[in-house]
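Protein chains in written order, with the numbering used here: chain P, 1 to 219; chain Z, 1 to 107.
Among the hints, erroneous ones may be present.
[What the hints assert, rightly or not] Calculated pairs, SDA-like style, for lysine to any residue (alpha carbon to alpha carbon, straight line, at most 20 Å):
{"no.": "1", "chain 1": "P", "residue 1": "87", "chain 2": "P", "residue 2": "177"}
{"no.": "2", "chain 1": "Z", "residue 1": "37", "chain 2": "P", "residue 2": "196"}
{"no.": "3", "chain 1": "Z", "residue 1": "68", "chain 2": "P", "residue 2": "136"}
In case anyone wonders, no lab produced these hints; they're calculated from the structure.
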Amino acid sequence: MRVSGTTTQIPSSMNTPAIPSVVPQLSDPSGWVDLYGDYLYNYALMRLKDAPMAEDAVQETFLAALKARQTFAGRSSEKTWMVGILKHKIIDQFRKNKRESTYTEESLPFEREGLFLEDGEWAGHWKPQCKPTAWGDTPLTTIEQQEFWKVFQHCFDKLPDRLASVFSLRELEEMESADICKVLEITETNLWVVLHRARMHLRRCLEVKWLSSATPANK
Amino acid sequence: MKTLFTSVKHLFVLFLFKLVPPCNEATMLVSRSFDTKLSFKERFQLKCHLLICAACNRFSKQIHFLQKIIHEHGHLHVHTHDEETPLRATLSDEARKRLKNEVSSRL
């Protein structure tokens with residue numbers, strides 16, 4: 001409602017001489033490190049899981065922001081604008097780093113546990129003790145959500161780096177599969193396997209760590 | 001009589017499950033359906049499996065739930081941190097100094 005009110009007022013103000021304050025202004029770059037440094041570093045660290053790489057990404061973000069200062073259109077807040085730049089820098093880091101990724105990785109807890117029967121007439125089906133338990137249908141309350149993210153963070157940290165990076169590109173940045181394959185130079189089949197492992201791990205980890213203890217009433 | 005009934009039932013259920021891919025393949029299909037379009041055959045197989053398998057049905061619902069909550073709220077808790085949540089890590093003093101020098105040297 002309020003939006004339509006302001007839009008109708010715009011034409012009248014456009015006739016008056018331009019007000020300088022309308023021009024989007026960035027804050028003084030010398031304050032950027034204190035304002036956004038930690039925030040951007042956290043964002044990068046979450047994805048890259050490597051402190052020097054995260055620092056590099058933040059540094060490159062600030063330098064790119066300095067260069068692109070004039071192009072800042074003010075469509076988003078300064079912070080959002082910087083996060084937008086950082087996202088590209090993180091992808092660059094992934095691209096640089098891909099040579100180090102190997103496909104032979106340590107197995108995940110759910111894989112060591114073995115969720116599925118290996119032989120017998122039911123081979124390939126869930127082990128009775130590993131069948132997914134009921135999670136309840138009610139939406140999460142705010143407190144449950146806080147608890148959920150705490151456990152999620154814990155489970156996410158347990159993912160090996162490469163799985164975590166693929167998962168965050170896919171599910172957090174919501175990048176298309178084909179683009180991720182290009183950036184990380186992996187085949188699509190490989191991508192599916194990696195994402196499947198990450199999802200299986202997260203689901204099992206959440207089930208064991210969070211739901212079993214937090215919501216006994218749902219069982 | 002009862003044992004005969006249970007063994008017939010067991011055989012019938014086993015027969016049904018032989019018609020569809022096993023659970024480990026079905027879970028892979030559920031996961032893959034998020035990343036690509038499954039072929040008609042795969043979709044059909046998955047549907048049939050989910051019809052008769054309560055465990056995988058639950059699995060599928062949970063994976064969808066996870067996907068949904070991550071897409072809806074993930075940015076608040078995972079990528080970015082809102083003001084109330086304390087940051088998990090901060091820049092080291094050394095890194096902060098280096099960054100400030102880099103920025104000010106280019107002003």
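inquiry  = If you test the structure against every hint from before, which numbers come out violated?
reply    = The structure conflicts with no hint, since it agrees with every one listed earlier.
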